[in-house]
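Let chain E serve as the given structure and place chain Y on it in line with the hints.
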Amino acid sequence: MSRPSARTQILSRLYKNAGAIAPYTPEAAHWSPPALSPAKRINRFVELMEAVRSEVYRVKGNAWVDALRKLLQTRELATLAYGKKTWCGDLLEKSWAAKPHPTNLIPWTQDIEEFRDELFGISAGITTTMGGIAEAAAMILWPTPEEPRLLSLVPPVHIALVKASEIYTSFPEALKKLDWAKKAPTNSLLISGPSKTADIELILQFGVHGPTDLIVFLIE
Amino acid sequence: MDKPKKATFARAAARALADTQLRDNLRFATQSLRQKRLAVFDDPEATEALREIGSRIKARGLTRLPRLLEQLEARCQKNGIMVHWAETTEEANRIVLSIMEAHGARKVVKGKSMVSEEMHFNAFMKDHGKEALETDLGEFIIQLNNEPPSHIIVPAIHKNRKQIGKIFADKIPGTDYTEDTDILLATARRILREHYRTADIGLSGVNFAVAETGTLCLVENEGNGRMCTTVPPVHVALMGLEKVVETLDEVPPLYRLLCGSATGQRITTYFNMIKGPRQKGEKDGPKEVHLVILDNGRSRMLADPQLRQVLQCIRCGTCLNHCPVYTRIGGHAYNSTYPGPIGEILMPQLEGLDTKGELVFASSLCNACSEVCPVKIPIPELIRRMRNESYLKRGKGVIPGHGFKRNAVERVVWKGWRYSQTIPMLNWAMLKTLAIAGRILPNVGPLKAWTRVRTKPVFAKESLKQLTRQEGIRHE
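One line per chain: the protein sequences are E and Y, in this order.
Note that the numbering used here numbers the first sequence so that position 159 is 159, with each residue one more than the last.
Just add 1000 to wherever you are in the second sequence, counting from 1, and you've got the numbering used here.
Looking at chain E on its own, in the form it has when it is part of the complex (with noise of 0.2 Å):
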């Protein structure tokens, strides 16, 4: 492990070094792009979201239910997993108890370790959301006991439920609204598509690592 002397040393190099060499440099202004209307917001969202090859279904209410239904018949995901506790998960098995449905519902409640295996061939997953910005359009994400880190990351297809009313217009405004310096979680993350890379000859190729398809309710 590192030497306490190399603290040391480079520490003390640092304040002899730091402050009083340079000439005053003032603070700097605060960066807060122009505030958007609601409306405005949501459709900024929407386009922007689409742009990267993300799929934005508007829909009112608990309408999201049948409307992932649907979709998981039509494009046959074999597997959905998803977190207990959580107002989606209640949603979720409600509706699967009240009508059989091909894809299989897989809660996550074990830890990584003994979940790792399955969750890498698992075909789909669904998470709640704390939002969405605007200006850049991208969802923000804090991970829970219930839906752990991974539930947006290994599944091929990540499904996340949006709700319109907590769309702010850019990550300043998220940053301030939300707290997010007292009361982030250990992980806390900005997605804006699905996983992506053009690492070759700079074409936009999708799903490299992570999700190929990012699939999203906006709720209204």
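To be clear, the hints were calculated from the coordinates, so they are not data collected in a lab.
Be aware that one or more of the hints could be misleading.
Where chain E lies over chain Y, by a calculated footprint (3+ residues, C-beta under 8 Å) [unchecked claim]:
| hint | region |
| --- | --- |
| 1 | 1152-1158 |
| 2 | 1183-1195 |
| 3 | 1215-1227 |
| 4 | 1272-1284 |
Below 25 Å or equal to it, Euclidean Cα-Cα: the simulated PhoX-like pairs (lysine-lysine) are [to be verified]:
| hint | chain 1 | residue 1 | chain 2 | residue 2 |
| --- | --- | --- | --- | --- |
| 5 | Y | Lys1280 | E | Lys85 |
| 6 | Y | Lys1405 | Y | Lys1448 |
| 7 | Y | Lys1415 | Y | Lys1396 |
| 8 | E | Lys183 | Y | Lys1415 |
| 9 | Y | Lys1280 | E | Lys182 |
Some chain E residues near chain Y, calculated using beta-carbon distances under 7 Å [to be verified]:
| hint | residue |
| --- | --- |
| 10 | Glu173 |
| 11 | Leu175 |
| 12 | Leu178 |
| 13 | Ile203 |
| 14 | Gln205 |
Think of the CB as a built atom: it goes at the ideal place given N, C-alpha and C, for glycine as much as any other residue.
Frame of chain E; chain Y shown alone:
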């Protein structure tokens, strides 16, 4: 480290210039990156305001660097992240190795990290019997081919899909040659996902480390960074000590500047903020998170108000895409971890002017880099400063290895020049001599090299001074 032979860069540059395939690949790639950047930064006024913000955040951060690092360390430790300090790259490598050994680890999967390149991490791990696997697609490709990256952001920028198809066919058993990028991608995906699942340790860089909250921010599109930092049981993050920022509020403008400058995006696919290891009750995430803070000469660079500006760099690579030199020769010719304009001002500070000094002459000082730099580093000014230091008497400069270009011949010539400008008699004699002998200067030595691509200057019979004396100055 061995000192390179003289004019290594000049020779490598000449070789690169003659490689038409390389020139095509680079021209296409850097041009698209420049256009994409312009599409995001389409409003010059707003862009300038944002650059000013970015520049101030980083410059101000440097004035309070030690305090921010101490705060970062305290917050990280409170969040459960183990913090290590490394003075040298060797020390940083040893720290990672000892973490691996403590866990009996054999395989480490890596997200893209320039600091790990600076540490020559992969070679070090190989020497110690460990497997270090690059997972960024570009890095994965060039690791297969045993090459260093040629661009900070697009490591395989110098390869086209045919060359990549050939590398895959040659290096991955059971793979046929294909130019179909979808098949190439699927092959990489299959191999890499298996590695994430089975790796012992995940390694990543850090784009911004937030002192106020102890948050490590990672910027990426592929998702390999999230894989490396989330799937394996241990996550090790490497950062240069200049990566710290004070508050979370400082992150969004820097993030926008980074995305826009690097790839011409408004936002990347993933912005990953890590605040600690798996907490009680959580079902995934690494059980241990380590942060290695690397100095490697940075604390020394901080001592000079001009040279320290190199520490504002956020590693977006846009200076590479805009450099008339880089865009024609690519990264390998620089033979350095950091190529292009940023490499020219960073490498000599890291490794000494006597080792990397020739890089500061790989510039036309056209200023394109500093016009696009998201944190407004005046790169050409620093290049000129370094050129000066190359000739300073030992002990008069601050960059290690300064004065490496100082030599008797040039000193005599400049001294002669000085006398010719200060002593009228000598001035007269020089002009006379040049008027007569200048026409018959033999084409040898530096003049030969100079005139290979330029016309030899012809000296007029009469000097400008004489002409103005005879004819006066016509004011038109």
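Comparing the hints with the structure gives:
1. 1152-1158: Per the Cβ count (3), the hint holds.
2. 1183-1195: Our answer is that it holds, as 6 residues pass the Cβ test (under 8 Å) against chain E, meeting three.
3. 1215-1227: holds (count 7)
4. 1272-1284: Result for this restraint: holds, n = 12.
5. Y/Lys1280 to E/Lys85: Between Y/Lys1280 and E/Lys85 the Cα gap is close to 18 Å, so the pair holds against 25 Å.
6. Y/Lys1405 to Y/Lys1448: 20 Å, holds
7. Y/Lys1415 to Y/Lys1396: 19 Å, holds
8. E/Lys183 to Y/Lys1415: 67 Å, violated
9. Y/Lys1280 to E/Lys182: 19 Å, holds
10. Glu173: The hint is violated - E/Glu173 has no Cβ within 7 Å of chain Y, the shortest such distance being about 9 Å.
11. Leu175: The hint holds - E/Leu175 has a Cβ within 7 Å of chain Y, the shortest such distance being about 6 Å.
12. Leu178: 11 Å, violated
13. Ile203: 6 Å, holds
14. Gln205: Since chain Y brings a Cβ to about 5 Å from E/Gln205, closer than 7 Å, the hint holds.
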